[in-house]
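Asks: The residues making up each chain are set out below.
There are 2 protein chains.
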Amino acid sequence: MTESGKPILYSYFRSSCSWRVRIALALKSIDYETIPVNLIKDGGQQFSEEFQALNPMKQVPALKIDGITICQSLAIIEYLEETRPTPRLLPRDPKKRASVRMISNLIAGGIQPLQNLSVLKEVGQEKQLAWAQKTISSGFNALEQILQSTAGKYCVGDEVSMADLCLVPQVANAERFKVDLTLYPTISHINKSLLALEAFQVSHPSRQPDTPPELRA
Amino acid sequence: MTESGKPILYSYFRSSCSWRVRIALALKSIDYETIPVNLIKDGGQQFSEEFQALNPMKQVPALKIDGITICQSLAIIEYLEETRPTPRLLPRDPKKRASVRMISNLIAGGIQPLQNLSVLKEVGQEKQLAWAQKTISSGFNALEQILQSTAGKYCVGDEVSMADLCLVPQVANAERFKVDLTLYPTISHINKSLLALEAFQVSHPSRQPDTPPELRA
Chain W
1 MTESGKPILY
11 SYFRSSCSWR
21 VRIALALKSI
31 DYETIPVNLI
41 KDGGQQFSEE
51 FQALNPMKQV
61 PALKIDGITI
71 CQSLAIIEYL
81 EETRPTPRLL
91 PRDPKKRASV
101 RMISNLIAGG
111 IQPLQNLSVL
121 KEVGQEKQLA
131 WAQKTISSGF
141 NALEQILQST
151 AGKYCVGDEV
161 SMADLCLVPQ
171 VANAERFKVD
181 LTLYPTISHI
191 NKSLLALEAF
201 QVSHPSRQPD
211 TPPELRA
Chain B
1 MTESGKPILY
11 SYFRSSCSWR
21 VRIALALKSI
31 DYETIPVNLI
41 KDGGQQFSEE
51 FQALNPMKQV
61 PALKIDGITI
71 CQSLAIIEYL
81 EETRPTPRLL
91 PRDPKKRASV
101 RMISNLIAGG
111 IQPLQNLSVL
121 KEVGQEKQLA
131 WAQKTISSGF
141 NALEQILQST
151 AGKYCVGDEV
161 SMADLCLVPQ
171 VANAERFKVD
181 LTLYPTISHI
191 NKSLLALEAF
201 QVSHPSRQPD
211 TPPELRA
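Sequence order for the protein chains is W and B. Here full-length UniProt numbering is used: the first residue of the first sequence is 1, the next is one more, and so on. Here full-length UniProt numbering is used: the first residue of the second sequence is 1, the next is one more, and so on.
By construction, these hints were calculated from the structure, which means they are not laboratory data. Quick caveat, the model's predicted, so the values are computed rather than measured. C-beta: ideal position from N, C-alpha, C; glycine also. Among the hints, a few may not be true.
Unchecked claim - Computed footprint of chain W on chain B; a stretch qualifies when at least three of its residues, placed anywhere within it, have a C-beta under 8 Å from a C-beta of chain W:
#1 55-61
#2 107-113
#3 117-131
Chain W extracted, bound-state conformation (with noise of 0.2 Å):
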């Protein structure tokens, strides 16, 4: 945390990942203060020797808060909905946690660890348009008939929740990738109704304070 007692977050404007926590910071109204960490410049700052002290996996988000630094965004996502409730982003009942979890897993480790850049480097440049495409396909043609039994609104029912948190980036990656989007109407309406959120909105990489201008909303 800062002097202030601002939380710190640790993130770069087009990492998916960070901007889950992203959106669950403003969704809770939590004022924080924004550390970034440039993953291609200088080779990746996350590789430098003071970020690894803080994220010896080497990647954004990292969240300082409460005195302690909190790594992989889903784990993030939880503190905070265990220490600032409100509004909430898991539903009372269990089993419709259990379908929130269920889908922020199917992204956050089903889908987003196999196009991040490091292992789209690993794939080398000829190939990884084409992996990341396979990748991020088959993980929304499974997502698209999981939301057909829960989504109302949004991904669980009508009220947003971490499983939202995790969608809105990754249909976002899937863009960059030309990821063919009509095929799953289902992820699109959902996509479109969160945009409209402010959280959603302030959270976006087009308005960071890392955002290049030429990106900038």
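Given the coordinates of chain W, assemble chain B onto it according to the supplied hints.
Replies: Okay, now just chain B, sitting in the frame of chain W:
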């Protein structure tokens, strides 16, 4: 659930994600039935129409319980924790819970997905051993460092938690891929302590209904 009301676990003996859930079920003394899903045989039974209807992600584990089907191992474990809280797999203190979830997600999102069967197929036979070793080593380097500040007898303090349910199966994968575990003394030590517990033994890949005779303990 079966007619007798028992939960049904769709599992593959060697799947590290299935093992996580088997440990949770054993620790919480939840009686269940196993339906094996062979990820290799018949081109992969997870691709059958029947199984896809159950889990569109075409992955094990899936758990039928209380009239619902839950996929994604961490979502299943969190549901079991909320509905069958004894013994607890998450500490009471929110900061310690954050550590448990951080380590669980580091493994479940940051290591395992990058060395699972479907990714290794994409990577190709020649490169897959090096790929898996690099992924696991990179994750274990981070984890070894994190454990310096969280571990007691187990990953977080002296009580078995969800983090431990993720650790042991991941170490087994590391052994299969011949990762040099002497580089990770804390991980190795905790793993050894956990493997001495009955819940980790009865759930072990060498003791499942679908374990091939030549691999049985």
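Asks: With reference to the structure, classify each hint as holding or not holding.
Replies: We went through each hint and held it up to the structure:
{"no.": "1", "hint": "55-61", "in the structure": "holds (count 5)"}
{"no.": "2", "hint": "107-113", "in the structure": "holds (count 5)"}
{"no.": "3", "hint": "117-131", "in the structure": "holds (count 3)"}
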